[in-house]
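Enquirer: Sequence:
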Amino acid sequence: MSDRTINQQPHAPHQAGPEEERDTAQVPHPPHTHAHGSEPDDFAVQIADSVESFVLSVTEVAKGDEPGSAVSLLLLEVSQLLLAGGRLGAIEDVVPEDRFEPDAGPEPDAEQLRERLAVLLAPIDVYHEVFDPYGPPEKPSAFRISDDLAGVVSELQHGLTHYREGRVSEALWWWQFSYLSNWGTTCTAVLRALQSLIAHVRLDSPIGAAPDGADTDNDGLTDEQLEQQAGDLMAAELGLGH
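Heads up: the sequence shown runs through residues 207 to 448, numbered per this note's numbering.
Rather than coming from a laboratory, the hints here were simulated on the basis of the structure. Watch out, some of these pointers could steer you wrong.
[Claimed, not checked] List of simulated lysine to aspartate or glutamate pairs, DMTMM-like, C-alpha gap at most 25 angstroms:
| hint | residue 1 | residue 2 |
| --- | --- | --- |
| 1 | LYS269 | GLU317 |
| 2 | LYS269 | GLU313 |
| 3 | LYS269 | ASP353 |
| 4 | LYS269 | GLU258 |
| 5 | LYS269 | ASP315 |
| 6 | LYS345 | GLU335 |
| 7 | LYS269 | ASP248 |
| 8 | LYS269 | GLU321 |
| 9 | LYS269 | ASP331 |
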């Protein structure tokens with residue numbers, strides 16, 4: 207069983223924590239409830255379908271069978287998932303029936319998915335983002351699309367396990383909780399990166415060099431080589447010539 211404490215760390219995949227009592231006294235809005243074992247309503251079915259579609263689609267893209275459409279497909283899938291996340295964020299707080307989160311079993315291993323995405327998306331995997339636009343001014347941090355998407359898939363699968371075992375309210379609670387605390391921010395950042403890549407190519411705008419000190423895994427490539435490779439990859443994907 208995992209606790210109900212919101213994880214405030216950016217881009218951090220779900221980690222099971224110590225068993226703690228669920229705090230339902232702090233819910234600020236009328237709860238969205240769903241009886242344990244009852245049939246899912248239309249809202250729950252639609253969210254579950256969106257989540258499962260994202261997990262399956264990202265897994266298929268990571269196989270690398272169609273590398274020329276990878277960025278475009280990921281852009282579409284992340285956009286669709288954020289629509290589902292927005293719906294979860296807009297409704298009242300979901301309050302599951304159980305006081306503790308039931309054990310969902312071992313967390314899925316996302317390492318293979320991460321590695322496949324990293325190979326597929328190189329050299330455009332690294333991007334830079336400011337985590338909290340309302341927080342104190344800070345320098346952009348380096349992230350990887352492959353890390354972020356693999357982490358999001360892992361979090362979504364955690365909720366899918368509850369859903370498939372008939373714990374509909376638990377699944378909705380988890381997806382809402384993790385959207386607000388983690389994967390909503392992560393997907394928003396990834397979406398900006400993917401959209402920026404396509405915009406750079408369509409608008410014939412060179413991709414800028416990484417900020418000083420940014421972690422690009424010291425792959426031995428110069429900024430000019432990284433820019434050229436990223437531009438070539440996107441141009442090939444979109445059927446454009448230089």
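Enquirer: Tell me the hint numbers this structure goes against, listed in increasing order.
Expert: 7
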